[in-house]
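*Asks:* For the first sequence, numbering that gives the first Met the number 0 begins at 0 and goes up steadily by one.
Just to be clear, a hint being listed does not mean it is correct.
To be verified - Cut-off 20 Å, straight-line C-alpha distance, at most; resulting in silico cross-link-like pairs (PhoX-like, lysine-lysine):
hint, residue 1, residue 2
1, Lys150, Lys200
2, Lys184, Lys150
3, Lys243, Lys184
4, Lys201, Lys184
5, Lys245, Lys184
6, Lys81, Lys115
7, Lys115, Lys128
8, Lys226, Lys201
9, Lys226, Lys243
Since the hints were made in silico from the structure, they are not lab data.
All values derive from a computational prediction rather than experimental measurement.
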Amino acid sequence: MPELPDVEVFRQYFDATSLHQRVTAVDTRDARVLEDITPETFREALTGREFAASSRHGKNFFAHLDAGNFLLLHFGMTGELKYFEHPDQEPDHTRVLFTFDNGWHLGYVNMRMLGKVNVISSIDEYVEKQSLGPDALQLSYDQFAGLLSSKRGMIKSAFMDQSLMAGLGNIYSDEVLYQSGIHPKRQMTGLGEDQYHTLYKKMCEVLNTAIDCQVDTTEFPENYLIKHRDQEDTCPRCGGDIRKIKVSSRSTYFCPDCQPE
DNA sequence: AGTACCACCTGACGGC
DNA sequence: TGCCGTCAGGTGGTAC
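Using the sequences and the accompanying hints, generate a full structural model.
*Replies:* Next up, the structure:
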């Protein structure tokens with residue numbers, strides 16, 4: 000699930016549960032989620048430290064350690080955070096377990112382990128190294144238009160390209176395009192200023208709405224495609240059939256009537 | 001530069 | 001019940 004809104008909600012959850020807590024123990028249950036750091040180095044970097052602040056860039060989460068460095072969490076396709084008190088509450092697939100001096104635990108849970116965990120010394124350097132574009136929610140319209148106009152190919156590919164702008168993945172790209180009435184395979188070169196304005200407005204609206212709803216899709220507006228991501232379902236706007244196709248080898252849902260090619 | 005694959009992983013689901 | 005193929009909200013590498 001984790002795209003920008005999900006990670007932002009994880010960040011808020013982290014702040015509400017784990018901020019200003021001191022880490023007393025770190026248990027790496029499966030070292031394969033560690034990026035390029037040994038379990039020993041990882042444990043030593045965190046044990047005794049306090050989480051002083053948190054931030055996010057696109058789909059990447061950073062917990063700021065009081066030592067001046069940062070815990071990086073990337074959630075892949077199946078990652079999440081869980082704060083709990085008793086060991087029998089520990090979720091399946093907990094890959095890293097942090098224990099605080101109040102006795103509670105924070106689990107980095109990730110079934111498929113496609114994410115990664117690390118300790119880094121600089122967020123800016125990390126963003127640079129990963130070639131991440133600006134965070135999608137930090138863009139002005141002018142920046143957004145400038146980025147898009149530098150890009151060719153299919154629009155959905157552009158929205159999913161983390162080096163152009165960071166944060167949108169498969170689901171929210173589909174949602175922005177649906178809300179904008181633009182076909183996911185539309186070529187960037189065919190878009191005009193009107194469409195740039197629509198896309199920018201809808202992108203901000205969709206991301207902020209998802210965060211406001213705490214990414215609980217039952218709370219999303221009824222006219223959101225995300226509630227109708229099903230081949231059997233119908234378009235909440237026109238009642239036509241939702242179609243499923245592949246765009247850059249990712250499942251893509253759209254309404255052929257509302258989003259003409 | 002853009003696209004199309006493959007790979008990394010685990011688990012759920014449907015068909016036989 | 002079990003086996004098999006397919007699919008799943010991410011990313012990185014490679015080859016055309």
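*Asks:* State the violated hints by number, sorted upward, taking the hints as numbered earlier in the document.
*Replies:* The structure breaks none of the hints.
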